[in-house]
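*Asks:* So the protein lines, in turn, are chains A and B.
For the first sequence, position 14 matches number 14 in the working numbering, and the numbering has no gaps at all.
For the second sequence, position 32 matches number 1032 in the working numbering, and the numbering has no gaps at all.
Think of the hints as simulated: they come from the structure by calculation, not from any bench.
Since the model is a prediction, treat every value here as computed from it, not as a measurement.
Certain hints may be false.
Said to hold, decoys possible - Distance condition first, Cα-Cα at most 20 Å in a straight line; then the derived SDA-like pairs of lysine to any residue:
hint, chain 1, residue 1, chain 2, residue 2
1, B, 1072, A, 66
2, A, 57, B, 1015
3, A, 52, A, 113
4, A, 103, A, 20
5, A, 103, A, 31
6, A, 57, B, 1096
7, A, 57, B, 1111
8, A, 100, A, 113
9, B, 1072, A, 60
10, B, 1072, A, 39
11, A, 52, B, 1119
12, A, 57, B, 1099
13, A, 52, B, 1093
14, A, 52, B, 1073
15, B, 1061, A, 60
16, A, 10, A, 23
17, A, 52, B, 1072
18, B, 1072, A, 40
19, B, 1072, B, 1047
20, A, 121, A, 60
21, A, 91, A, 68
22, B, 1093, A, 20
23, B, 1093, B, 1123
24, A, 52, B, 1098
25, B, 1072, A, 1
26, B, 1072, A, 2
27, A, 91, A, 107
28, A, 52, B, 1083
29, B, 1061, B, 1075
30, B, 1072, A, 20
31, A, 52, B, 1075
32, B, 1072, A, 98
33, A, 121, A, 99
34, A, 121, A, 74
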Amino acid sequence: MPTSNEIYEKVREILVDALGADESECTMDATLMGDLGAESIDFLDIVFRLEKAFNVKIPRGELFPDNFAAADPTLTKDGSLTPAGIAELRKRLPHADVDKFAKDPKVENIQDLFTVGMIVKFMETKLAAGT
Amino acid sequence: MRWFWIDRFVEFESGSHATAVKNVTLAEEHLHDHIPGFPVMPGSLILEGMAQAGGILLGEKSGFSEIVILAKVPQVTFHSWACPGDTLTYAVKLRDVRPEGGVVECTAHVGERLVAEAEILFNHLDKSKAAGSAALDQKNFVFSMGLLGVLEVGRAGDGAPASP
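For reference, chain B alone in the conformation it holds in the complex (with noise of 0.2 Å):
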């Protein structure tokens, strides 16, 4: 499996605000593990999809050039749930942007149904302290396993958008 919690972005304007989908299938193993006979998306990994929106959203803001990390959640609320067959709606907002990181609040919904609620702050890390350890590098820390490249997702060779 794949640590990728967004299937793809449908709105992306860089350094304001951006708009992820997440379908959830069957298919997926957690959700016959997390509470047995009600298959449910678990709220840690829709906070985890929320997470990948919004720390996309701002690190695309600097071109990738921060070492973007998780650092806290002060806030989260779960009003629903999702289950086989829904689709998530991440929608990521950039409130405020610092030197030592940014804070970010999303939501979830399925259709109109609000999901969950959260307020995200991220850390740029230090690269001074990150010197030497090729496990921080960008391209194979936060955005690990090639998440960029839901960025990508739904576009074609030439980097249109596929249509359908």
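Chain A extracted, bound-state conformation (with noise of 0.2 Å):
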């Protein structure tokens, strides 16, 4: 089981081939798309580096989820997440920093969840769970 700090290496070195980021801006606050650069197509690219430099499978929708907003208009009220939503987005995004979003719901912040920092959770979670 590797460590944190190796499993962030790891991620960031994936950063920065998928994305041209440079290895300095990669750190763990930083926000895939905000910061980074990253564009819808560059979370299938993520994935498959994961899965082959972590020798691991990860479902469709488990890392980044395809559009959770659009899925059920309950989940959504005036451009911002309900209770629900909010709730909704913590099951199935244990590994994001949810707490922080919930003080400004707004569907546009979703795609600040996905930092750095949330993969390299996601990936220990996944590794430490030997699936």
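Take the two lone chains, each set in its own frame, and fit them into one complex as the hints suggest.
*Replies:* This is the structure:
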């Protein structure tokens, strides 16, 4: 089982390759889309690279949910997530910092949940569970 | 002109790898426009040829039931060029496949000489999003203008390889 720092280093290497990001930009707090310039298609690339680098299977939607807000109309109201939406987000993304997001739960802010740290935490949980 | 950037498959192992060839000829307009006075096959079209070969390899794995689109070229390097009279050989290998798409590793050679190598990421288009758009039908979208017919090139009417 690699240490947290070893996982971070591998994730950082993946993001440098997939996004053409600079190593120094890939801090734990950096957001994939806002700070590192990722586009939606890069998420698929990242998932492929994580699977290869860590030799794991990552089912669809487990790391990055598909169309979260559009899937169910009760999850959003007036461009923000409802309490039910936030609860669903916690369930779907236990590896993300939903507390921070909940302070301003606009749909457009969902993408800020996708940080380098989120991927590291996801991989830690995944590797610890041995799946 | 038709958007065919491979002439024929010479090897096709379903779900694994394939090899296609593209013969470069002086009759092709783009050779004259690309670098005037120095007719070479544009690198972008070599990449397109590798993507067509790789896209068909990926699409064939699911019996062409998925809508395959070229999503991203994470890595491409051009080492050399191809001139009229050269045969470009595109070797494509399916590295990873998952429900959302696949990754193909490709090389382009002229004889033993490496011309280009690339990694290409394809996405399976979400059919729910594509619903209602006739333009996104597999038959007339990704493998448009009968590109899949390239699988039949060099075959006789009964499907057997046509011998010279």
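*Asks:* Taking the hints in turn, state whether each one holds.
*Replies:* We went through each hint and held it up to the structure:
no.	hint	result
1	B/1072 <-> A/66	holds (19 Å)
2	A/57 <-> B/1015	holds (19 Å)
3	A/52 <-> A/113	violated (24 Å)
4	A/103 <-> A/20	violated (31 Å)
5	A/103 <-> A/31	holds (17 Å)
6	A/57 <-> B/1096	holds (11 Å)
7	A/57 <-> B/1111	violated (38 Å)
8	A/100 <-> A/113	holds (9 Å)
9	B/1072 <-> A/60	holds (19 Å)
10	B/1072 <-> A/39	holds (10 Å)
11	A/52 <-> B/1119	holds (14 Å)
12	A/57 <-> B/1099	holds (12 Å)
13	A/52 <-> B/1093	holds (16 Å)
14	A/52 <-> B/1073	holds (18 Å)
15	B/1061 <-> A/60	holds (19 Å)
16	A/10 <-> A/23	holds (11 Å)
17	A/52 <-> B/1072	holds (18 Å)
18	B/1072 <-> A/40	holds (11 Å)
19	B/1072 <-> B/1047	holds (12 Å)
20	A/121 <-> A/60	holds (18 Å)
21	A/91 <-> A/68	holds (12 Å)
22	B/1093 <-> A/20	violated (24 Å)
23	B/1093 <-> B/1123	holds (16 Å)
24	A/52 <-> B/1098	holds (12 Å)
25	B/1072 <-> A/1	violated (32 Å)
26	B/1072 <-> A/2	violated (30 Å)
27	A/91 <-> A/107	holds (17 Å)
28	A/52 <-> B/1083	violated (37 Å)
29	B/1061 <-> B/1075	violated (23 Å)
30	B/1072 <-> A/20	holds (13 Å)
31	A/52 <-> B/1075	holds (16 Å)
32	B/1072 <-> A/98	violated (30 Å)
33	A/121 <-> A/99	holds (15 Å)
34	A/121 <-> A/74	violated (28 Å)
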